[in-house]
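As you go down the protein sequences, you meet chains D and F in turn. Heads up: the first sequence runs through residues 1 to 256, numbered per the numbering used here. Heads up: the second sequence runs through residues 1 to 292, numbered per the numbering used here.
Honestly, the hints are just simulated from the structure, not real lab data. No experiment lies behind these values; they were computed from the predicted model shown. Hints should not be assumed to be uniformly reliable.
Said to hold, decoys possible - Quick list of simulated restraints, FRET-style, between CB atoms:
{"no.": "1", "chain 1": "D", "residue 1": "Gln83", "chain 2": "F", "residue 2": "Gly29", "range": "31 to 39 Å"}
{"no.": "2", "chain 1": "F", "residue 1": "Lys16", "chain 2": "D", "residue 2": "Gln83", "range": "35 to 43 Å"}
{"no.": "3", "chain 1": "F", "residue 1": "Tyr102", "chain 2": "D", "residue 2": "Phe30", "range": "38 to 46 Å"}
{"no.": "4", "chain 1": "D", "residue 1": "Gly149", "chain 2": "F", "residue 2": "Tyr102", "range": "51 to 59 Å"}
{"no.": "5", "chain 1": "F", "residue 1": "Arg15", "chain 2": "D", "residue 2": "Phe30", "range": "46 to 54 Å"}
To be verified - Over 10 Å on every C-beta distance to chain D, these chain F residues come out as not near it, computed from the model:
{"no.": "6", "residue": "Arg111"}
{"no.": "7", "residue": "Tyr197"}
{"no.": "8", "residue": "Gly255"}
The beta-carbon is built from N, C-alpha and C at its ideal position, and this holds for glycine as well.
Single-letter residue listing:
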Amino acid sequence: MFRLVIFELFKLFRLRSVGLGLLAAFLLPFLWALAPGLKEVYGLVLASGWQVVSLSLLAGMEFLFPFLVVMAASESLGSEISQGTLKSLLLRPLPRTALLLAKLLAVLLYPFALLGASFLGSLLAGLPHGLGGFYGGTGLGQGGFAGAGFLSAQQALGELLHAHLLAGVVLLPLAALALLYATIFLSTTASALAAVATLLLMRLLVAFPALTPFLLTTYLDLHLRPQAAGLGLPLLFIYTLGFAFLAALVFERKDL
Amino acid sequence: MDALRLEGLGKRYGRKPILENVSLAVRPGEVYALAGPNGSGKTTLIRLVTGLAFPTAGRALLLGEDVHQNPQARRHLGAVVEAPAAFYPYLTGRENLRMQAYLAGIKDEGRISEVLARLRLLAVADQKVGSYSLGQRQRLGLAAAILHHPKVLVLDEPTSGLDPEGVELVHGLLEELAQEGVAVLLSTHHLQEVSRYAHKVGILGGGRLLDEVRLEGREIFRLEAEPLEGALALLRTLPGITHPHLQGKVILFEGNPEEALRVLLREGYRVKALHPQGFDLMAYYQERVKHV
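Given only the sequences and the hints, what does the whole structure look like? Please build it.
Structure below.
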């Protein structure tokens, strides 16, 4: 199983959407660091390189990172179907669930790789602004970007790592959802569109206040509201496991 | 025990039947060719047999194990279900086989070189599959299928896209494998080629197995007699004569030619010619599928 997961990871990082995603995540912070409208949009005048890191996370989590994760998860199965290689895999005495589980584990690692690339790119892009302590905030803690006085490098790093970790967890159910749709539609595009449409639909459901605490979309900004992690994290894990279970169930009896 | 056994296999999509009540058996060392016009259900049958699709009726057994209930049954199976066979284009032929070997639990690296050599692919083994020709990919597919010494080989159009040398290579290999005891089920449109070594031919039409023709040890006789229809009707009544049928203006039959001749002459039929003839599978096939 371990080697199967390694093999799935190897294949995942050969996918076009993954390569482009990682490149975008790494390079976009350089763009944000030079953006002239930061003050108007985020109320931010860059005072530290750490703010570039948080800015990249905030901007990415708006739409880009969820979309890239959904694309990668969809393509992880969709590309095998379009290439015809899935059939070759399933001709081997390998339980379908084991194969899907290996794919799931690979796509669940991808959000962290994506956020890692963004973190690394942001650190490099932020270097000219310095990565020491500064007066201000990361935008993720108390006082937003204005902060609440002096923030040491260690505190800033801690806040950012915590936020990236939470953002990674937020992206997990999206990956599992896209994989579920990929097993249903057996197509990269259909699966990615269905996953995005589901998220948009969930966003519309905020009109039903009783449902709001249980919606996946309610927790997409968990990295900004760590206090909501008490309910949010278990719910995100439940969503991830639920989608994964459904994907395995569909895939087990799917005609190829 | 049959190496491969299909029992009442059927497949429907909604209300539309694609395959209905297909039963057949392939013994170890036997080559079973599936023939049929496009859309007759050959590929669906191959997908069902290999466990890629699920039947709506019946079951498929590989050495007695239900392929849809137990994925481990596929340890006996080698298969190529697409033409050309699909591989990861960014890996070399050898790397693709190494990956397949891992999934099949083979640790012997030498076996990979052995099958590459057997399919004459050693020269391109370390090139990326993306640069392979269709024929090379097709041969690599067969190499992957026989990698783990399968007891049952299932192939969909194994010679599709191959040049004449490649076709000969594949037929030679399949014949050899059958002699080694491997049961082979293949779908093909090239009946003349496979009739050289196939033991049985199953003719599919309209989603049904219309006929199963045994080729092994078959002796066919060609009779020219007058009146033709009457002679045919008479032959049908004789216990020593089997499969009498018309082909153009002659009657083809199997069985005892002396008995046929004696009875025909006794009944006053004019026999113009009677001689043995190789079984014309293509003509027989065309006759069977004509009205489907």
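Check the structure against each numbered hint from earlier and tell me which ones fail, lowest number first.
Hints 2 and 5 not satisfied by this model.
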